[in-house]
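Peer 1: Since the structure of chain A is provided, determine the placement of chains B and C on it from the hints.
Keeping their order, the protein sequence lines are chains A, B and C.
Just so you know, we're using the working numbering here: the first sequence kicks off at 149 and counts up by one.
Just so you know, we're using the working numbering here: the second sequence kicks off at 20 and counts up by one.
Just so you know, we're using the working numbering here: the third sequence kicks off at 665 and counts up by one.
Careful, some of the hints might be misleading.
No farther apart than 27 Å at their CA atoms in a straight line, the calculated lysine-lysine pairs in the DSSO-like style are these [as the list claims (entries may be wrong)]:
1. B:K299 to A:K392
2. A:K353 to A:K333
3. A:K267 to A:K213
4. A:K306 to B:K133
5. B:K241 to B:K220
6. C:K686 to B:K28
7. B:K168 to C:K718
8. C:K866 to C:K855
9. A:K295 to A:K267
10. B:K189 to A:K306
11. A:K328 to A:K295
12. A:K317 to B:K168
13. B:K168 to C:K722
14. C:K807 to B:K220
15. A:K328 to C:K686
16. B:K133 to B:K299
Distance ranges between label pairs, derived from CB positions [unchecked claim]:
17. A:N249 to B:E123: 49 to 59 Å
18. C:Y716 to B:E123: 23 to 33 Å
19. B:L282 to A:Q340: 50 to 60 Å
20. A:T457 to B:D30: 38 to 48 Å
21. B:P178 to C:I765: 29 to 39 Å
22. C:W671 to B:R25: 33 to 43 Å
23. A:A288 to B:L40: 53 to 63 Å
With the Cβ distance kept under 7 Å, some of the chain B side facing chain C (calculated, not the full set) [to be verified]:
24. V42
25. I50
26. Q58
27. S62
28. P88
29. A153
30. A228
31. P236
32. N240
33. L250
34. Q273
Keep in mind that the hints were calculated from the coordinates and are not lab data.
Idealized CB from N, CA, C, for every residue including glycine.
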Amino acid sequence: MKYRVPILITMIAGFIMIIREFIPHEPFDRIDNWLQDWYMVVAAFAIVLGIESLLHLHSRKISFKRKDWQYSVVLIVSLLLMSIAGIFGGIEDKTFLDMDNPTQITELLATEIDTIDGKRTVAQMLPADASAMSEQEQGAYIYSQLKTITVEVEDKIKVSTRHPDPKRKYTIPALYLDRKQLSLKQALKRQQIILHRGGLGYLLKFYLFGGFQFSYQYIYTSLMGTMFSLLAFFVASAAYRAFKARTLEATLLLLAAFFVMIGRVTFGTILGNVIGLDIPQITDWIMNYPVTAGQKAIMIGIALGLISTSLRIILGIEKSYLGRE
Amino acid sequence: MNLLDRLIKLDRRIIFLLIFLAVGIPLIAPIGLPVEPSQPIESGYDFIEEMPPGSFVLVSYDYDPSARPELYPMGLAIIKHLMGRGIKVVTMALWPAGAKLAEEALNESVQYIKDTQGRELEYGRDYANLGFMAGNQIVIVSLGKSVSKTFPNDFYGTPIENINILNGMKNYSNIDLIVTISAGDPGVPYWVMYAGDAYDKPVIGGCTAVSAPQLYPYFANKQLVSLIGGLKGAAEYETLIKAPGKASKGMDSQSIAHLTIILLIIVGNITFFLDKQRLKRLKRRMK
Amino acid sequence: METIGIWLGALLTLCIFSFLYKDNPFYKFAEHMFVGVSAGYWMGTYFHNTIYPKLIGKIGHFFWELAHKNAMVVANVNGETVRVQGISFDFIHTLEYVLLIIPLVFSVLMLMRIFPRFSWMSRYGVSLMVGTGAGLFLIGYLKSNVIQQVAGLLKPVVEHSAEYGTTWATVGNLILIVGTIAGLSYFFFSKAHKGAFGVMTKVGIYFLMVSFGAAFGYTIMARISLLIGRLDFLINTWLLGTIFG
Numbered sequence: 149m150k151y152r153v154p155i156l157i158t159m160i161a162g163f164i165m166i167i168r169e170f171i172p173h174e175p176f177d178r179i180d181n182w183l184q185d186w187y188m189v190v191a192a193f194a195i196v197l198g199i200e201s202l203l204h205l206h207s208r209k210i211s212f213k214r215k216d217w218q219y220s221v222v223l224i225v226s227l228l229l230m231s232i233a234g235i236f237g238g239i240e241d242k243t244f245l246d247m248d249n250p251t252q253i254t255e256l257l258a259t260e261i262d263t264i265d266g267k268r269t270v271a272q273m274l275p276a277d278a279s280a281m282s283e284q285e286q287g288a289y290i291y292s293q294l295k296t297i298t299v300e301v302e303d304k305i306k307v308s309t310r311h312p313d314p315k316r317k318y319t320i321p322a323l324y325l326d327r328k329q330l331s332l333k334q335a336l337k338r339q340q341i342i343l344h345r346g347g348l349g350y351l352l353k354f355y356l357f358g359g360f361q362f363s364y365q366y367i368y369t370s371l372m373g374t375m376f377s378l379l380a381f382f383v384a385s386a387a388y389r390a391f392k393a394r395t396l397e398a399t400l401l402l403l404a405a406f407f408v409m410i411g412r413v414t415f416g417t418i419l420g421n422v423i424g425l426d427i428p429q430i431t432d433w434i435m436n437y438p439v440t441a442g443q444k445a446i447m448i449g450i451a452l453g454l455i456s457t458s459l460r461i462i463l464g465i466e467k468s469y470l471g472r473e
Numbered sequence: 020m021n022l023l024d025r026l027i028k029l030d031r032r033i034i035f036l037l038i039f040l041a042v043g044i045p046l047i048a049p050i051g052l053p054v055e056p057s058q059p060i061e062s063g064y065d066f067i068e069e070m071p072p073g074s075f076v077l078v079s080y081d082y083d084p085s086a087r088p089e090l091y092p093m094g095l096a097i098i099k100h101l102m103g104r105g106i107k108v109v110t111m112a113l114w115p116a117g118a119k120l121a122e123e124a125l126n127e128s129v130q131y132i133k134d135t136q137g138r139e140l141e142y143g144r145d146y147a148n149l150g151f152m153a154g155n156q157i158v159i160v161s162l163g164k165s166v167s168k169t170f171p172n173d174f175y176g177t178p179i180e181n182i183n184i185l186n187g188m189k190n191y192s193n194i195d196l197i198v199t200i201s202a203g204d205p206g207v208p209y210w211v212m213y214a215g216d217a218y219d220k221p222v223i224g225g226c227t228a229v230s231a232p233q234l235y236p237y238f239a240n241k242q243l244v245s246l247i248g249g250l251k252g253a254a255e256y257e258t259l260i261k262a263p264g265k266a267s268k269g270m271d272s273q274s275i276a277h278l279t280i281i282l283l284i285i286v287g288n289i290t291f292f293l294d295k296q297r298l299k300r301l302k303r304r305m306k
Numbered sequence: 665m666e667t668i669g670i671w672l673g674a675l676l677t678l679c680i681f682s683f684l685y686k687d688n689p690f691y692k693f694a695e696h697m698f699v700g701v702s703a704g705y706w707m708g709t710y711f712h713n714t715i716y717p718k719l720i721g722k723i724g725h726f727f728w729e730l731a732h733k734n735a736m737v738v739a740n741v742n743g744e745t746v747r748v749q750g751i752s753f754d755f756i757h758t759l760e761y762v763l764l765i766i767p768l769v770f771s772v773l774m775l776m777r778i779f780p781r782f783s784w785m786s787r788y789g790v791s792l793m794v795g796t797g798a799g800l801f802l803i804g805y806l807k808s809n810v811i812q813q814v815a816g817l818l819k820p821v822v823e824h825s826a827e828y829g830t831t832w833a834t835v836g837n838l839i840l841i842v843g844t845i846a847g848l849s850y851f852f853f854s855k856a857h858k859g860a861f862g863v864m865t866k867v868g869i870y871f872l873m874v875s876f877g878a879a880f881g882y883t884i885m886a887r888i889s890l891l892i893g894r895l896d897f898l899i900n901t902w903l904l905g906t907i908f909g
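So here's chain A without its partners, still in its complex pose (with noise of 0.2 Å):
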């Protein structure tokens, strides 16, 4: 029970999956977009799985109070307020309008919105004796006013329906036309706009709302690049203590490097106009033909070896991706 159901259902999955391949018709292609649905949920479940295996390394190293603990406080630290921003305050660039400056006024009262009968601009929905306010009036009036002021959309939701003559068995696409009240507030949060008045509501709100793609723009992108080229250094490093030409396949790797380093910069051009050879062009021979030839029998192997597998896999022949009793 404990293995023979998950086999079969490696089988299954897999079939259908070639099945499709060669059936291209229905139903096998909608099962199998389905099929792939499937797989990537369940997939973004083994990174949940994932996160909560490092929360647990990392806590019970706080609990033991192990070397570095502390790092492992920032850590979850830093996990959790992303996570926390990410889920709950969507992932999308939001904009952030300052009720108290002149010039963000000015582009929230421009600013479009979805309504009924077409765009409206945020100023357009204003009262008559608000509109007659300065601009900055209007901005804290807008402000104290953002559950109350109504807007009226429709949502057109993609649904399906009995085909209306009687004698047709059919469904057909319709849609469903979903009129509602938002308050200025909630239609300002669908065009992804946040009105803030500066000091503590604002740090809150921008961590909630805008806290997910500020860490990634300034935090994640900066320490991700870095991290990536230290590399450049340690490359450096280990090609002076390591890159000798000992044999003849490490001299036939050093100079094959040496051909794509000097060949792919200005100075190749330059260096062959010395030597009288014309370097970028014998890089571009060397990575067509040799370095081709490699890279395909590396290729080739890797998807024989994929293939072959794959296939054991499938009809359950290879069991280890189950784990042991």
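Peer 2: For chains B and C alone, coordinates are given in the frame of chain A:
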């Protein structure tokens, strides 16, 4: 300790400093070394040059900001080239962050065309951004059946039916070229497998320098029209379209850094051989 | 906020670069922050791009459709827009929603791995992923990485190339064919690498070494490019942009 021993035991921090200076100094004081286009990039340029105005090109942004230094200039140069030739560009993304990068590149290119050719390009008529769709290869396969079913709305939430340019782009049969700019998985191999080979569509692949050697067989096999690899590839394309940008500026640093590493390897090998000779002499003396 | 972001990015970049001198608390702090922020990023992204639209959103939509069974909808019949009463779904549509129980159950079973007593349940989720993945990649890789690549080896005996000239192109084709076969033969470990076969595998190793050398060259190119990006950020965006205006 003589020079040879000092070189053998060289503190790696000196090497780090050398690399830092080799990359940093040209960024502050550019030399302006010329960039010579190579065959893999020229074939892509020539292909686009031969496309008639009004053709449809799908550009897929399959990377995130961590690969931006290499891939953003590349995508920008290609879109500038396409727009400059009056070719209709539709961008999409298989990586979540790609959609925003595509938007940035489209806006920059539109401004560039306005500044250089004086033409005003209109969203929806001349170009569009379909945004991100999760699904990796399912998306690629699904586009072959119907673009509108795969992307019911564009990046800004507008229904596809309301976008002019997409009325002419039903599925791959209406698309004349696929360009993919990718930093990994999903990326060039998937586009080659599920669109290029499956639907017989020309594909131009842009990739980071790390992936370029593995993708070379696709180019050598003509499964890819062109393979634009790394910052150098981007700089070469910028040179071909005569619009030098960030990639070309970075090439000075790239050249000097490469030269530094080559010199380090040569010095390393010279010290290795001299040390070997020294050991041999010592052994002979001991005998 | 942008200025704060640039300063934050610059300071964290410098923290990581400090590792080049010596391992230190600033680097450790930045490193742990990187792991935490990355994990949080993937959590947020996967939730909004996969879990919500493909599972929770769909289930929610199904119950919504059931609740609005008798709503008025608008449909296009023979070019005319008509109002029809009632949302109904055909068999396939219903099946699609009912079958959502499969990913839901498998995902929950996947999470059972957290509890050692129930960790065997996660096998079901793993088996679905492995089976789908195996079937998917088998065909794709076979087509593009084997058949097409081998087909690419069918080259003319004499090739006229404007790029390299006839001699070098012909020699190149020969090298391509010999190199690929020799390289592949190296990976065949069921037969001892001796005699004539041994010579072929030796030649194969040489070709593999040449391709590794090229890969090394390209890796250096890529890493230097990333370093250029970071230093460009530090010099142009941070120093010149914020400090020196």
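Peer 1: Taking the hints in turn, state whether each one holds.
Peer 2: To see whether the hints hold, each was checked on the structure:
Taking the CA atoms of K299 of chain B and K392 of chain A, the gap is near 18 Å; set against the 27 Å cutoff, the hint holds. As the CA atoms of K353 of chain A and K333 of chain A are separated by approximately 13 Å, the hinted pair is consistent with the 27 Å bound. For a cut-off of 27 Å, the pair hint linking K267 of chain A to K213 of chain A is broken: about 59 Å separates their Cα positions. The hinted pair formed by K306 of chain A and K133 of chain B fails the criterion: a straight-line CA distance of about 39 Å is larger than 27 Å.
Restraint check for K241 of chain B and K220 of chain B: satisfied, since their Cα atoms lie roughly 11 Å apart, inside the 27 Å limit. Between K686 of chain C and K28 of chain B, the direct Cα distance comes to roughly 18 Å. Compliance with the 27 Å bound is thereby established for this hinted pair. Restraint check: the Cα-Cα separation between K168 of chain B and K718 of chain C comes to about 16 Å, which is no more than 27 Å; the hinted pair holds. Distance check on the hinted pair: K866 of chain C and K855 of chain C sit about 14 Å apart at the alpha-carbon level, within 27 Å; holds.
Proximity of K295 of chain A to K267 of chain A is assessed by CA-CA distance (about 20 Å); at most 27 Å being required, the pair is judged to hold. Between K189 of chain B and K306 of chain A, the direct Cα distance comes to roughly 20 Å. Compliance with the 27 Å bound is thereby established for this hinted pair. In summary, the hint linking K328 of chain A to K295 of chain A is supported, as the alpha carbons are separated by about 15 Å, within the 27 Å threshold. The straight-line distance between the Cα atoms of K317 of chain A and K168 of chain B is roughly 24 Å, inside the 27 Å bound, and the hint therefore holds.
Of the supplied pair hints, the one linking K168 of chain B and K722 of chain C holds, its CA atoms being roughly 17 Å apart against a limit of 27 Å. Restraint check for K807 of chain C and K220 of chain B: the C-alpha separation of about 15 Å stays at or below 27 Å, so the hint holds. As the CA atoms of K328 of chain A and K686 of chain C are separated by approximately 61 Å, the hinted pair breaks the 27 Å bound. Taken as a hint, the K133 of chain B and K299 of chain B pair is broken in the structure, with Cα atoms around 70 Å apart against an allowance of 27 Å.
Taken as a hint, the range 49 to 59 Å is violated for the pair N249 of chain A and E123 of chain B, whose Cβ atoms sit roughly 25 Å apart. The supplied range of 23 to 33 Å is met by Y716 of chain C and E123 of chain B, whose beta-carbon atoms lie about 26 Å from each other. Separated by about 51 Å at the C-beta atoms, L282 of chain B and Q340 of chain A satisfy the suggested range of 50 to 60 Å. A hinted range of 38 to 48 Å holds for the C-beta pair T457 of chain A and D30 of chain B, which are about 46 Å apart.
The hinted window of 29 to 39 Å between P178 of chain B and I765 of chain C holds, with their beta carbons roughly 31 Å apart. Checked against the hint of 33 to 43 Å, the pair W671 of chain C and R25 of chain B passes, with Cβ atoms roughly 40 Å apart. As the Cβ distance of A288 of chain A to L40 of chain B is approximately 55 Å, the hint placing it in 53 to 63 Å holds. Restraint check, V42 of chain B versus chain C: the minimum CB separation of about 5 Å is within 7 Å; hint holds.
Using the Cβ-Cβ criterion of 7 Å, the hint placing I50 of chain B at the interface with chain C is not satisfied: the shortest such distance is roughly 14 Å. The beta carbon of Q58 of chain B is positioned within 7 Å of a beta carbon in chain C (closest approach about 6 Å), and the interface hint is therefore held. Evaluation of the S62 of chain B hint against chain C yields a violated restraint, the C-beta minimum of about 10 Å exceeding 7 Å. Taken as an interface hint, P88 of chain B checks out: its beta carbon lies about 3 Å from the nearest beta carbon of chain C, inside 7 Å.
For A153 of chain B, the shortest C-beta to C-beta distance to chain C is roughly 5 Å, which falls under 7 Å, so the interface hint holds. A least Cβ separation of about 4 Å between A228 of chain B and chain C falls short of the 7 Å threshold, and the interface hint therefore holds. With its C-beta approaching chain C no nearer than about 6 Å, P236 of chain B sits inside the 7 Å limit, and its interface hint holds. Interface restraint check: N240 of chain B against chain C, minimum CB-CB distance 4 Å, threshold 7 Å, status holds.
Given the 7 Å rule on beta carbons, the hint for L250 of chain B holds: about 4 Å separates it from the nearest Cβ of chain C. The closest approach between the C-beta of Q273 of chain B and any C-beta of chain C is roughly 6 Å, which is under the 7 Å cut-off, so the hint is satisfied.
Going through the hint list in order, the structure does not satisfy hints 3, 4, 15, 16, 17, 25, 27.
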